[in-house]
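Student: Residue-level listing of the chains:
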Amino acid sequence: MPLTRQLVLPVHRTLPWGVVGMAGVAGLLLTALTRTGESAERLSAYLLRAAILAFAVGLAFLLDDPARHTTAAVPTPRPVRIALRVALAAPAAAAWWTAALLLVPPGVRPPVGDITLEAGAACVLAVTGAAAGVRFTEVARPGLPVAGGLLTTAVLVMLFWPGRWALFVPVEDERWAAAHDRWGVVLAGAVILGAVCAVEPLRRRVRF
Amino acid sequence: MTTVVEKPLAPGIRNEPGGPSKAVLALALFESRRLLTRIPVLLAFAVYLGWTVWRAGRAWGDYPALQDADRATQNAPMLVGLAVLLSVNQAALRSRRHDTERHFAVLLLPHWCRTVAHALSVVAAALVTAVCVAGQFGWEALRPGAIGQGSVGELLVGPLTVLLSGLAGLLMAGLVRSVIAAPLLVVFGLFLFAFFSGTSDDASRWLLPAVVEATSNTLPSDLMGRPAGWHALYLAGLALTLGLVAVLVAGGRKPAVLAGTAGALAMTLVGGVAQSGGDSPQLVKARERATVHPEQVQSCVRRDGSTYCAFPEWGPRVGDWAAVVDRVRSLAGGGAHEQDVVVRQRVEARYGLSGDGALTPLERPHEVTVGTQWGGNRVPEFSAAVAGVLIAGDEKAATSICDARIIPLMWLAVGWASEPLDALRRVRLDDSITGSALVLQPTDGLSMTAAQTEVLRALLDLPRGEAGARVKDRWRELTAPKVTAARAAALLDLPAPDGEDKCL
Numbered sequence: 001m002p003l004t005r006q007l008v009l010p011v012h013r014t015l016p017w018g019v020v021g022m023a024g025v026a027g028l029l030l031t032a033l034t035r036t037g038e039s040a041e042r043l044s045a046y047l048l049r050a051a052i053l054a055f056a057v058g059l060a061f062l063l064d065d066p067a068r069h070t071t072a073a074v075p076t077p078r079p080v081r082i083a084l085r086v087a088l089a090a091p092a093a094a095a096w097w098t099a100a101l102l103l104v105p106p107g108v109r110p111p112v113g114d115i116t117l118e119a120g121a122a123c124v125l126a127v128t129g130a131a132a133g134v135r136f137t138e139v140a141r142p143g144l145p146v147a148g149g150l151l152t153t154a155v156l157v158m159l160f161w162p163g164r165w166a167l168f169v170p171v172e173d174e175r176w177a178a179a180h181d182r183w184g185v186v187l188a189g190a191v192i193l194g195a196v197c198a199v200e201p202l203r204r205r206v207r208f
Numbered sequence: 209m210t211t212v213v214e215k216p217l218a219p220g221i222r223n224e225p226g227g228p229s230k231a232v233l234a235l236a237l238f239e240s241r242r243l244l245t246r247i248p249v250l251l252a253f254a255v256y257l258g259w260t261v262w263r264a265g266r267a268w269g270d271y272p273a274l275q276d277a278d279r280a281t282q283n284a285p286m287l288v289g290l291a292v293l294l295s296v297n298q299a300a301l302r303s304r305r306h307d308t309e310r311h312f313a314v315l316l317l318p319h320w321c322r323t324v325a326h327a328l329s330v331v332a333a334a335l336v337t338a339v340c341v342a343g344q345f346g347w348e349a350l351r352p353g354a355i356g357q358g359s360v361g362e363l364l365v366g367p368l369t370v371l372l373s374g375l376a377g378l379l380m381a382g383l384v385r386s387v388i389a390a391p392l393l394v395v396f397g398l399f400l401f402a403f404f405s406g407t408s409d410d411a412s413r414w415l416l417p418a419v420v421e422a423t424s425n426t427l428p429s430d431l432m433g434r435p436a437g438w439h440a441l442y443l444a445g446l447a448l449t450l451g452l453v454a455v456l457v458a459g460g461r462k463p464a465v466l467a468g469t470a471g472a473l474a475m476t477l478v479g480g481v482a483q484s485g486g487d488s489p490q491l492v493k494a495r496e497r498a499t500v501h502p503e504q505v506q507s508c509v510r511r512d513g514s515t516y517c518a519f520p521e522w523g524p525r526v527g528d529w530a531a532v533v534d535r536v537r538s539l540a541g542g543g544a545h546e547q548d549v550v551v552r553q554r555v556e557a558r559y560g561l562s563g564d565g566a567l568t569p570l571e572r573p574h575e576v577t578v579g580t581q582w583g584g585n586r587v588p589e590f591s592a593a594v595a596g597v598l599i600a601g602d603e604k605a606a607t608s609i610c611d612a613r614i615i616p617l618m619w620l621a622v623g624w625a626s627e628p629l630d631a632l633r634r635v636r637l638d639d640s641i642t643g644s645a646l647v648l649q650p651t652d653g654l655s656m657t658a659a660q661t662e663v664l665r666a667l668l669d670l671p672r673g674e675a676g677a678r679v680k681d682r683w684r685e686l687t688a689p690k691v692t693a694a695r696a697a698a699l700l701d702l703p704a705p706d707g708e709d710k711c712l
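So the sequences go chain by chain: A and B.
So that you can map any letter, position 170 of the first sequence is 170 in the numbering used here, and since no number is skipped, the others follow by simple counting.
Convert by adding 208 to the 1-based position in the second sequence; the result is the number in the numbering used here.
The set of hints was computed from the structure by calculation and includes no laboratory data.
Some hints here could point you the wrong way.
As the list claims (entries may be wrong) - Cβ pair distances, simulated, as ranges:
| no. | chain 1 | residue 1 | chain 2 | residue 2 | range |
| --- | --- | --- | --- | --- | --- |
| 1 | B | S303 | A | P111 | 46 to 56 Å |
| 2 | A | W176 | B | G643 | 45 to 55 Å |
| 3 | B | S412 | A | P162 | 34 to 44 Å |
| 4 | B | V509 | A | W176 | 54 to 64 Å |
| 5 | B | T245 | A | T137 | 18 to 28 Å |
| 6 | A | V191 | B | V465 | 46 to 56 Å |
| 7 | B | G346 | A | A67 | 31 to 41 Å |
C-beta atoms are modelled at their ideal positions from N, C-alpha and C, and glycine is treated no differently.
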């Protein structure tokens, strides 16, 4: 435990705060658009979703660590280091999300609990993608491919996801509640997958 | 005695005539190949092509109007554009990401030349898109039922969108050296793509790459009023500006580049101002004339005694209309069997493409309206209008039919179809084949009661020849005004209906 406490500062310094910050600012800009007029207000749920996507793209870079190969030998296991990164980023993400929600005019704000579930699922999915990148490849910065994958997934889901299992539903839609049950499943799946991917493999793949 | 003959040595460095431009070209080829094989770009092209092919296979589009088909090529390339944006940005930041920027310092090519090569790779992606767009439009144009003409300006929008987004990604790489910039730009682009495809009604909608129309009204191509050419100029100017600014940012501050940027900016401004001009007075007048006095711009042909008047572009459609009129008349009895009709093509053009005004029924005897679209539901709808005119005398009288004359009318309208029940379902507003419903026509609709529907269904269940003979035998009584459904059933020797027989 004291070892972990000593790690806080170095890990904090290697976190890609600039990238996450830029993504956060972009997300807040998108949510601020809801205050620009009546037609923008009607789109508030979608603007909020675009903001979530922007922030999740930023979080995909969370596990980028240029020093990955030199820190592989430290005694603290990888799940702890990843958990530490996530724990450091979580308060920032929570603060960002609060600010984003407050930027949306109260009258047109989607149900807070449900939209928070969507945001949580998207962010966890992004970090899980990054953890999978770390787990299954040797690259030090899996962020960019993971961000690309996240965007591609978002586009493909928007275009081709069958309506029976709709995820992106408008607020007044009767499928809203069912859709958020599905979002819960997505979140749970992402958390489990992320936990599995965070474990360091016992053996490194040997390449010649 | 010996002599030494000295040959001049070949210089180690040759100044080739093409110099850096040849190297830029080689690099552009390499970057193009790399760009076109990135996973996002491949995936985007796969989705784009798959979606386009799937849509082209639908049964409805057998009779495309090419002035609409050109616009249908515009939206999907945006997806490719977003993928190219991401991939070009990654490619331009590649040497920085891998920390190989220093190695390039020893090469012939300065940074701005490498930016030019990246820009040329975007041009390659746009050219591939252009081939796809040409293929899609060519496929539509080669259909036997295609009419009208496409506009080059509209067709250019797809490739120019790819060019524009790719060069925006390149400029982003020059301005913000962070890998996150392009993905965030894609999120903004996605949002625009999904919700602001220019659906609003003012001039500012033309600032976005693809401008879609809210309705699916088909107009003659000279009444479209879409500034497609200016819009293409605007997009090309904007793309060039972005590309040249990217070169400027990368350090290529040559006079030619500066002049080019100024020229591109001027192009953008000219296109942008010209495209927002709105409808010209001549266009408004021409639309008014085509709507109110179509006979002034139409040409008429006679087939089997009937007259077919169409806008010039719809000339090839006359054969399809005549076939329907012939079949409807062949089912009719009495004088209607020989009755000649005047088929008049009409369109509501006064509100442009975004308005979808209804046509009022004609009052001249035996004159029937046909719209500008054909295929699918439009065929039984036209057939119902022809039958109405044969039975009631004119369109106005036909739309106010409120008795069992609707039974022979609908028999004429759908009885000749290969699947009469399917045609009946398609021509009724609620897609039902039982109960009361509204029947669609090119002008105002007709209404059927539940009892009339029942009798018609019983008639359609008979063998075709048998049913046709019964209708022809009793034609005069069946088409007399104020006949009831029960009386019509008795005349046709069918069981009496027990449904409601009061029209709306």
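Student: Now tell me, hint by hint, if it's right for this structure.
Tutor: Hint check results:
no.	hint	result
1	B:S303 x A:P111: 46 to 56 Å	47 Å, holds
2	A:W176 x B:G643: 45 to 55 Å	33 Å, violated
3	B:S412 x A:P162: 34 to 44 Å	36 Å, holds
4	B:V509 x A:W176: 54 to 64 Å	57 Å, holds
5	B:T245 x A:T137: 18 to 28 Å	19 Å, holds
6	A:V191 x B:V465: 46 to 56 Å	52 Å, holds
7	B:G346 x A:A67: 31 to 41 Å	55 Å, violated
Comparing the model with each numbered hint stated earlier shows that hints 2, 7 do not hold.
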